[in-house]
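S.K.: Each chain is listed here by its residues.
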Amino acid sequence: MIAGITIYELLTVTSILFFVGVYGFITRKNLISILISVELILNASVINFVVINKYMYPDMLQGVLFSIFIIAVAAAETALAVSIIFNLYRQISSVEVKDIETMKY
Amino acid sequence: MEIDTFLLLRQEISLLAIALLLLIVEIFISENKKSLVIPLVIFLFGVHTLLGFLPMEDGSLFGDMFRTNGMIHFFKNILNLGVLIVMLQAADWVKEKIVAQHRGTEFFILLFSSLLGIYFMVSSGDFLMFYLGLELSTLPLASLAAFEIFKMKSSEAGIKLILSSALASGISLFGISLLYATSGSIYFADIMGSITGNDLTILGMVLFFAGLAFKISLVPFHFWTADVYEGAPISIASYLSVISKGAAVFILMILLFTVLKPLMQYWENMIYALAILTMFIGNLFALRQQNMKRFLAFSSIAQAGFILLGLITGTQLGTATVVYFVLIYIFSNLAAFGVVQSISLQTGKENMKDYEGLYRTNPKLSLVMMLGLFSLAGIPPVAGFFGKFFLFTAAASKGYYLLVFLAVVNVTIALYYYLLVIRAMFLRTSEEAIPFFKNKIFMRLGLIITVVGILLLGVYSPVYDYIYALSATFN
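Residue numbers (the working numbering), protein chains in the order written: chain A, 1 to 105; chain B, 1 to 475.
One chain only, chain B, in its complex shape (with noise of 0.2 Å):
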């Protein structure tokens, strides 16, 4: 085996590396100086993401259990760039919470150690890198969701975290088991030339999507969502909403269109019910929210139920759709939590009622949250309208039409309550609005890099045609 094969695992060991130089730099940095970490942590990342975006080969290693492609390499860049905009949103809030009680470079380390494990996920090439992987994303993420030890809330949303997605992981685990049993093998692989449709394989696909709909929090496994995310830091739940929920998308649609692909006749009839339960679930709970994080938890939710409509196609158009639309829907939902965060930080306000008169006295920052959340309904000039509207022709593509009509529908309620807040900030007054502040430096550039995401995607076609090259590879 030559040394330079394991170039393929170069973001892997460049993000270890970050990992394990903090760790060093934990210990031989003075007590005083800590939040000299941050600065450093985003330009390593920065230096990270930047080198990720060189052209990788295909190829595999460690005998097909690590594999990568263009399109795992290209989405493996995307999820690079979703952190890079959590971390600079979270770094004025690490600075004045985090690292007082002496745990800012903790924070960076177990969230590169998530995202290592989301790495290993998606360019998995058998379930026993698939398991540890999703395991070492979510465990991570479970202490970071209970990071906030003073606070009880953070603790009640960290043992909800980890005791579903332990649940959901043991679910997923005994559904392998199945599939195991059935084809003799955990190698994707050779499972994909063994597979048949009797009812053992078939029980063992149910059980298995069920671990997976957890972590992309479907309707009937979506119960910790709305708590996990009011109670986590906003920027560890905007790293679950988006980015956590993003790799989760993609490794079940590789696995559904290359892997479970002869069983399309079953998984098409559950993904066509979740759709519509999810979305409708999703959208209604979300009318009555009054809490920004919840009212946000339950948007991705229904946002998790137009995503099926791209993977319910299983086609070369179903990937192409998805992988785009959860590039958008990064940038986006980042720029609403973002706005959240901010005046989180601020002012401790996280009502939709305390944003009543916003855009009198931060009118920038009101047009951001404007911006993010015209991307989430789909309204036509932002990149929003772009994902769902190439969702919505693959579904049609296939003949979904009555999916798609419910999909619509679905469309002109959540615009109805993304326009609650936007009414609240823009045509409401209030005597208590939130008076005018500045954004430090970090959380301005976090903004600004969701808001041109957000205005470049929609009119820069280049970016689907590139996705839909570079699906090609699993169909």
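Here chain A stands alone, though its shape is the one from the complex (with noise of 0.2 Å):
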């Protein structure tokens, strides 16, 4: 808890957290800035589960744990798509999406 700050700026601040990731996610043009963008949409949802958790239901757990258990997902997940990202770069140097739509319609 935060003296003076109320749960309504604190979920503000992560819903703009969340549409700024979705934003990001569909205009940015490089993979690794598309992982960023997920990794804040991931980050919004943590914050969110730890303010409500402690804000709203003080006398039980399940918040916080649930978003332990998102940042070790969210590593793993980062982790796999940045070594599919260094396979691709290793076979077409390069890691723009433009360069990776040889499928499409």
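You can trust all of the hints, since none of them are fake.
Computed Cβ-Cβ distance ranges for the label pairs, DEER-style: (1) A:Phe86 / B:Asp58: 41 to 51 Å; (2) B:Arg288 / A:Phe86: 29 to 39 Å; (3) A:Arg90 / B:Asp190: 41 to 51 Å; (4) B:Pro363 / A:Lys104: 34 to 44 Å; (5) B:Asn269 / A:Phe69: 26 to 36 Å; (6) B:Ala472 / A:Met1: 45 to 55 Å; (7) B:Ile13 / A:Phe69: 20 to 30 Å; (8) A:Phe69 / B:Tyr266: 21 to 31 Å.
Derived from the structure by calculation, the hints contain no laboratory data.
The beta carbon of each residue, even a glycine, is placed where N, CA and C say it ideally should be.
The task is to assemble the complex, starting from two chains supplied on their own in separate frames and drawing on the hints.
M.R.: Written as structure tokens, this is what we have:
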């Protein structure tokens, strides 16, 4: 709990973070930037879980525990995505979205 | 806690044991005998599948995080059968292409990890277990889609799959956090008791639904499907299209019919719109495909639209028809994918044009393909007809006549493009027809099982009665 800050402000921040992530996922042209946008989305939900747990249901730890699992899984997800990007980079020497459009329509 | 309560986890434990055994085998088997792993894996998994049919009692473990009952157990058996067929069809490809790169065992370990994730996902009792199962089922699949590391298309499929599924699970998580905010719990049983139709809950439900819709590839979320199916190895494409999609449909059905049941008036409209969009766009895009894998990808999108007709009802009839349809869909889609895979392995050809004159050179293979496509299209003697018929009955029983009418229109469109393939195989002749070849034993076995399934399931009605009796749990 932070003194003087209500849950509304915190949830507004996480919602903005979430939509910034979605916007970034759609508009970015670089695979690494897309990955960063996905991380923003995941972190928005992590903060959401912690804030809701702390402000609304402080007697149980469900939200906090959930957020720890999300962080761990997100790390695995990023590692896998980066390794696939490495493999792609070895073949085409690029991580731009426009270069991985061989399959379309 | 008694030790025998862990018997509820029997399927998971035995699958994990096989995966761990494979890790040990990978260390101790010598380099030139690596291909012996394939028959070993298929034998072990066959035993696992057979043991799965032993009866299991209902119950829950770990403070209701994990639960199982007759329906969930039966659905796991269906998935086992599907994965067994996928493995039989993949065996020759693994032997020829992957074992040469010393990665044969890895393929099966990743496949089993993904299946283990699906097990935990379908028997989850809270959102945490659901999320972990979802991720465990998706992450190995992305690495499997990128498994042919020397092909650019495969890496492209892998990156497309991992990025879209990461986005999907992120959106889903945000939805879950909103559901948690309004109900104060992540356990399904607690949420069911306290859920109300306020705006935040509905937003949470919509976001959560969007995440799962990515997995099922419903229409606004289907863009990854065709690309991933085309680029990934064919056995992985077939796994994605039947096993992972079927499991996602099943867990979505459980959640909609139990946890989110009080919000039915909202999700009904959502599913209504998505069903129409999915059927039309899936079918219309399938019309113009030339590559067989893309063709089957769009056909599987359209089939997902038909499944929504069962989901919209929210009744016991809906549950039974959806599970029955998924069972039939596994056999019919795997028959089509199996033929595409065997032709692609022998000749490297994947376009519809290459199939011209196939009946004259490979009559048996074209008959299997014809049965699979007829079953997907829903032509009466084969199982697919009954699957679709029951789905339409379920939707009509709730008064969705317009939706059923549109679905029937779509069946007609679908019939046209399935018949295009059949025309190419049976009526056209070609100078460069694919020469005659004989499939190896595993592939032949995989195709025979699918044919038997397609022919038997439609005629042998006790299967449907059995599913209907089991499905009482979720309503």
